[in-house]
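Student: Here's the letter readout for the chains.
Number of protein chains: 2
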Amino acid sequence: MNKLKRNERIGALIKILCDNPNKIYTLNYFTNLFNAAKSTISEDLVIVKKLMEDLRLGKVETIAGASGGVKYVPYMNLEDTKRILNEICKVLKDSSRVIPGSFLYMSDIIYNPIFVRKMGKIFATKFMNENIDYVITVETKGIPIALMTANYLNIPLVIVRNSNKVTEGSNVSMNYVSGSTGKIQTMYVSKRAIKNEANVLIIDDFMKGGGTAKGLLDLMKEFDATVKGIGVMISTKEPKEKMVNEYLPLIILDKVVNEDEIKIYPNEDLFR
Amino acid sequence: MNKLKRNERIGALIKILCDNPNKIYTLNYFTNLFNAAKSTISEDLVIVKKLMEDLRLGKVETIAGASGGVKYVPYMNLEDTKRILNEICKVLKDSSRVIPGSFLYMSDIIYNPIFVRKMGKIFATKFMNENIDYVITVETKGIPIALMTANYLNIPLVIVRNSNKVTEGSNVSMNYVSGSTGKIQTMYVSKRAIKNEANVLIIDDFMKGGGTAKGLLDLMKEFDATVKGIGVMISTKEPKEKMVNEYLPLIILDKVVNEDEIKIYPNEDLFR
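Going down the list, the sequences are from chains G and X.
Using numbering that gives the first Met the number 0, read the first sequence as starting at 0 and increasing by one per residue.
Using numbering that gives the first Met the number 0, read the second sequence as starting at 0 and increasing by one per residue.
The hints are simulated quantities; they were obtained by calculation from the structure and are not laboratory data.
Copies of one chain are not kept apart here, so a pair can be met inside one copy or by any two copies together.
Under the rule of at most 35 Å between Cα atoms (straight-line distance), these lysine-lysine pairs were calculated in the DSBU-like manner:
#1 K227 with K164
#2 K220 with K92
#3 K70 with K92
#4 K58 with K92
#5 K49 with K22
#6 K37 with K48
#7 K81 with K4
#8 K190 with K81
#9 K164 with K182
#10 K81 with K2
#11 K125 with K22
#12 K37 with K70
#13 K254 with K190
#14 K4 with K48
#15 K262 with K194
#16 K81 with K164
#17 K92 with K194
#18 K262 with K227
#19 K37 with K81
Using the sequences provided together with the hints, build the complete structure.
Tutor: Listed below in structure tokens is the structure:
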């Protein structure tokens, strides 16, 4: 490649780092790619780091040592987090969303890349330093948010299924009681999907009674996994006592009073 | 914000544009953000465009007119496409993946953000100019690839379900015959998920007989939608006659002969 100017190298560095969140690149990688001296790349990276922080676009971190290098760490600041969650709540308050049974129609939000990549970034920011090995979710509606969380953490996603699938090979199953309906169900995951003694993060779209999350906690014990956190997009205010103790909702659904009064707001604990 | 230097503005421009693929930003947005003259931003964008093309990182396009501006168009070149698909095939050829019934275990690939974001970018590159309004998939295994495709196209994802869900409101259903098992099944999608007369792109992980894709085609007729393409990660070589005529596989699964001989390769038509 022809020698690039500083402003071109900086543009390229940002693009490459940000396209691959949490992936470590060695300095050598960039000296080869740009045909430039190590000292030049180091100077570029100083500018990149400062710029990313000044504009609050995330962090670029240097990792020392033999397996060291530089990586982009996605980061959503509190102000943007608040703004985005308020925006989502505003969209969800639309009276046309109320469907029979006082449910809120949300599929257009929880499947929309524009919203789920932002929520994924919020979860990734919260759990960035927990050394998570896998993001775990159960099909179907939590998958997009869970995938985007895994994407920013640069780790695999594991999808737990509601039925036994031949394409998964040998499965580990767990019975659980749905917290809202009281029905007993079974969840399944491929035995080879999760290495033993891993750190996992559970992500789902919705929590009412917490039965599904409890089932996932029990299932993770079968792999001797440590559950480092449970993140849900929305949890209902009632019942206050869920079947799991620690969980982080982005949004609280207080009550669907009627079509004109939907009480839903960001989880204020996020901003403390 | 303090005035930025050119190299800082270029870094920030690339970050903002690439974080939001196919989203149009006005020049005014950047003149305000950077507190800089229109001519300055225009000059910056010339450098950004050239850099992105030279390094083959995607395209930055200018849209003229009242609703005009500038946007980042993700783009995967043929050489990278070939390299990535060969890499995935190599991983899939591992003898330990063969599970009873001559299935290949693939969940670790089709749920892994590192692989699915690349495959999503390949599909987005192929269907970029088709004015797609929605990416459609059917639960569960195709969701991650479909979401990443929708992400790069900057359009909503619609997930068709295998059972009738109360949280979806009024559903439209379609019976279909599984091309591989011959069983009749039903698929459901919320009536409000797809606007009438939209352009849609169907994305799934696997095609054998094509029955699911045919079901989706029929379902889309209920919305007067135009199916602009069907993309699948893997299609089997046999049966040659599928229940749909036009589809684009990334990878062909020829045959799982035994654990030591798995014939699987990239779809050569992609490179012609």
